[in-house]
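Residue numbers (the numbering used here), protein chains in the order written: chain A, 1256 to 1477; chain B, 900 to 1460; chain C, 761 to 1079; chain D, 819 to 919.
These aren't lab readings, by the way, just hints derived from the structure by calculation.
Possibly wrong hints are sitting among the right ones.
[Said to hold, decoys possible] Examples of chain B residues lying across from chain D (beta carbon under 8 Å, computed):
hint, residue
1, Leu1122
2, Phe1162
3, Gly1213
4, Gln1221
5, Ser1222
6, Tyr1224
7, Ala1380
[Unchecked claim] Derived DSS-like pairs: lysine-lysine, alpha-carbon spacing no greater than 30 Å straight-line:
hint, chain 1, residue 1, chain 2, residue 2
8, C, Lys810, B, Lys1253
9, B, Lys1018, A, Lys1432
10, A, Lys1432, D, Lys827
Even for Gly, the Cβ is constructed at its ideal location relative to N, Cα and C.
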Amino acid sequence: MSDHAHTAPGLAHHFDDLEQQHETGTLGMWAFLVTEVLFFGGMFGAYAVYRSSYPEAFMRASSHLNVDLGGINTIVLICSSLTMALTVYAAQKGSKNGIILGLLSTLFFGAVFLGVKVVEYHDKWVHHLIPGPNFQFTEGVYGGPEQLYFALYFAMTGMHAFHMIIGMVIMVWMIFKARRGDFTPGHHPLVENFGLYWHFVDIVWIFLFPLLYLIGAHEGAH
Amino acid sequence: MKSTVLTPPAPTPHLAPEAKERTTYLTADYGWKSWLFTVDHKRIAVLYLISIMTFFLIGGAFALLMRAELLTPKGDLFEAETYNKLFTMHGVVMIFFFLVPSIPAVLGNFLVPIMIGTKDLAFPKINLLSWYIYVVGGAATLFVAITGGVDTGWTFYAPYSSTYANTNVAGTAIAVFITGFSSILTGLNFIVTIHKMRAPGMTWFKMPLFLWAQYATSLIMILGTPVLAITVLLLGLERLFHIGVFDPALGGDPVLFQHLFWFYSHPAVYIMILPGMGVISEIVACFAKKRIFGYHFIAFSSLAIAIFGFLVWGHHMFVSGQSAYAGMVFSFLTMLVAIPSAVKVFNWIATLYKGQVSLETPMLYALGFIGLFTIGGVTGLFLAVMGLDRHVHDTYFVVAHFHYVMVGGMVMAFMGGMHFWWSKMFGRMYPEAMGQFAAVVIFVGFNFTFFPQFLLGYMGMPRRYHQYNEEFVILNVLSTAGATILGGGFLMSICYFIWSLKWGKPATQNPWEAKGLEWEKAPTPPPTFNFPDGERIVVTEDAYAYTEEEAHDHVAAGVKK
Amino acid sequence: MWKDFPLYPEQASTIAQPVDLLYFFLIAVSAFFALLISVLVVVFAAKYRKSRPDAYSAHIEGSTKLEMVWTIIPLGLTMVMFAWGTILFFDQARMPAGAMEFTVTGKQWMWKVQHPTGQREINDLHMPIGRPLRLTMTSEDVIHSYYIPAFRTKQDVVPGRYSQMWFEANKLGTFDLFCAEYCGTKHSQMIGKVTVMTQEDYERWLSGAVANETPVQAGERLFTALRCITCHNATSAARGPNLAGQFGKEVELSTGAKVTFDADYVRESILNPNAKLVAGFQPLMPTFQGQVKEEDILSLIAYLKTFGATAPAAGSAAK
Amino acid sequence: MSEHSVSPKIYFAIFIALCVLTGLTVWTAKHDYGAFNTPIALSIAGLKAALVILWFMHVKYSSKLTQLFAFAGFFWLAILLVFTLQDFETRDMMNYYFFKP
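Just chain A, same shape as in the assembly:
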């Protein structure tokens, strides 16, 4: 996707035409998303195995999570997905302000999401639920499998949050590029590919929310 212009603006030297370059970029992004699916997939595999071995322990541990905060976060992330989609629409229509506005609102929702995560992590810190030496789980239970749950909880939501932070840094960079007018209706691969990345991060959370937060929500669990 290098940018020194030949015939059409933004056509890299080794491509025949813009159409081929565009499809190549999209395919490359999707191949990268496949690796991300399997990267998170490893943790979902560990979750599935441990939950099938220790169902009660996972329910007990999950009941310590605040379902309302999780629900709000899910809605926040869906809003950020919406604004991201509108940003891509704006890029296709070539409205520079539309792009910048879209990116800023997506950034805003992302920040809100991470803020809520910080609150939740702090709450776990206060209740000694961070896995490791000082992990204490009350309710007269040995707490081994519960610590496994929180190990997976922090690994999955932590990796998800890390991916969001990377996304937000890229968004800030994209805002500067948008201001410089780098995105034309015919050539804005970065916006489209970043849109795919951001929607993927949202999909990961769509699966994390029910599997981590909601298994302890029904009365039987408390």
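With the hints as your guide, set chains B, C and D onto chain A.
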């Protein structure tokens, strides 16, 4: 900064006659900047070649030290700790830094764009990034090796690796994590390039089989490596922050680590062998001067191996506490995945039938590959049978099996490929007689080293033993003797390769009269954009059209050009 | 074969001979294919040697018939191998009734074996000929693997749970014992000897070896010492489920799921009591993590097998 | 993703659907359906993911190849889950078959 990489000597310009005035990708630009910031897939291939051979020599040195230790039953050359670090580093360096990247990153990078008739890979900058990640990962691994090493084996089985080992496991985990991305980026680049950037007329079934093998390998790189990344990351987290994901004391299950690890690591052995098979298809067709037999079957068996390869990892865990039902399912599927490999071998042999066979060095390596890979593949069936695996698992039988497939298969194919395309890469011919001699030495040394290990394995000598019982000593001495011959063979070939850079006979465009765009259309060595300026590549011929004229001649009343 | 170049270790267990039979079948098939391919390569390379520089080879693109042949035949052969190997595995792995109950504890770089009558051994194993032995194994630290080449069997010993293995010797003598799963620095010294003796020699050896108490007696002592009886008794006011005669039966949990009352369940309930709560009981039991060693749990399990069991205790000692 | 652009109206419709489904999944989680808890939760999440993939990520309008890549990622994840769980779920059965306690 890049301790392992030395800038190659730019060859003096007395190249092939017509290459003198033409600028090639080697002479297009000089200076270390032109190498370390290049986006030309050919230069990146040369950079990879240098770094890979460095790691091959390091890994080989570890192997020779191990074999020296095993000369005597008592562990008297090294401490047990040192020997354990040696076999771990031998495994890590050889697998992650030589076997996985070698053919895709060197021959693949150089040839994929030329073979499909385009100027460069889809993402040139990502290609360079892949090399930098490889070098950073390699430097990190060597740093770990120097500052204390790691002694968990290249498999890093928990709970030893996560809790009980007191060596630098976290450092190795991070180094392997980084290196995984180099493999992902190469795979991603090849998949997109082969899909989207083929020259007009180059349909999927006109592509050389080397590209089919690269495509299948890239699928595995994309689909398998991320799971290794997350497994190694969880292991690193468990070691650094004591959050027990695989800790049995908390109810965690070490067998889960094995599942996640082998989900990548078995397809990884197909990442290592498939490119080798691609090279063998090219060499056998060229040196038999005959169309490859059963093109479609070889192409689809590459894909079948790549896809089925993901369903069989449980055969590493028959006795590890995995349920016997799962073992049965994995054993059955492993039998199925063996069939495509067998089909390929039979097709190569059928290619020789009624051909015009000439036995230059690449062909010697190819025929050696066919023989040794067959033994390697068939002994794999021994291990896939549950009843027998209970006896031979974790013994030298397993060591012999995977060395037959990796060294007898992959390394022979890599050497064959290097001899075959060396002239195209550097414009120089390697010395033919020495090449053939080295090939025979390597073949003999290899069998001498690893065949005794089959017998050791069935006698019950376990793997990774620093000292062993008296009754195994004869076979171990044989194996060590073979190892020195094998090491000598490799050193000999590396020497004459480097020698040929400066004094080798200048090569013509098509020294082997081979088919394929890289021989017929691209000059030797090719310019930066692979084909003479302005030449639109349009493909009309089928792949391996060695006997096209003869077929037409029959039609056109048998007049031979 | 020459004495000093044996092709396979001694056949000292009931499954050694069938495994070797399968091994020779596989060698035969492999040798046939390897020879076939090597001979074909050499013959074709020689017969179709390049005659003239511009000679052309035959224009053959392939033949689906031939492809079918060399797909079906290998498939058939591999299915035979698969079937034979799996049957061998499942048949041999099923433990016959009345096996002697041995317990093995792997610890970084030694094997601790306990006989049914209580004798303990380090790294070595003395056993009678002709009687099936059942090993209930666990590890105190990392994964080990109890491997006896002469018996053609090994089983990984995974920490945190029990691995089971059984074999029956049919040849007298002393055989090697190895640890097959890499377990750290002295992995290669975690070896021992398995001595197969006649019944009388075994009993003479047993009486010679000091045996303070059988696992069942040790289990009983621990059952009272750790005051398990205060909750787990037959009275209606018992706060814990009555364990008499429960071993091997199905147990209904508070979540409605059913679990077999086996060694793993006992071990988990001792170390992590509320993981699988029996229906109708409160999570009152404290964890015994750190208070009981692996051998103690094994003894408690041995005791629970006989605790209130109507049938005579399975695997009674030699007497 | 050809130049075909999706109109914002569709985006808002999908957005509403996602919010409704989130509410639904929370609501169903409040009630205990015994063994069906997880399948219900996963199917709702799968539906939401499908909405995002098809419309927000334009896969509905993309080339067959892109659709294949999207499917392949989840299919391989399924392979990992199925074959790993197949071991853990049948362990007790196999242990009982071989070694009656």
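**Message:** For a C-alpha distance cap of 30 Å, please report whether Lys1432/A and Lys827/D respect it.
**Reply:** 27 Å, holds
When the least beta-carbon distance from Ser1222/B to chain D is tested against 8 Å, hint result:
4 Å, holds
Hint check: 8 Å Cβ-Cβ cutoff, Ala1380/B to chain D
With Cβ-Cβ at 42 Å, over 8 Å, it is violated.
- Query: Going by Cβ atoms only, is Leu1122/B closer than 8 Å to chain D?
  - Reply: 5 Å, holds
Restraint: Gln1221/B near chain D, CB-CB cut 8 Å. Satisfied or not? 5 Å, holds
Phe1162/B was flagged as interface toward chain D. Is the shortest Cβ-Cβ separation under 8 Å?
6 Å, holds
**Asked** How about Gly1213/B: closest beta carbon in chain D under 8 Å, or not?
**Response** 7 Å, holds
| query | Can the hint on Tyr1224/B be confirmed by a CB-to-CB distance to chain D that is less than 8 Å? | reply | Holds. Min distance 4 Å.
Is the Cα-Cα distance between Lys810/C and Lys1253/B 30 Å or less? 10 Å, holds
Holds or violated: Lys1018/B to Lys1432/A, with C-alpha atoms at most 30 Å apart:
Cα-Cα ~29 Å, so holds.
This entry does not satisfy hint 7, going by the numbered hints stated previously; all others are met.
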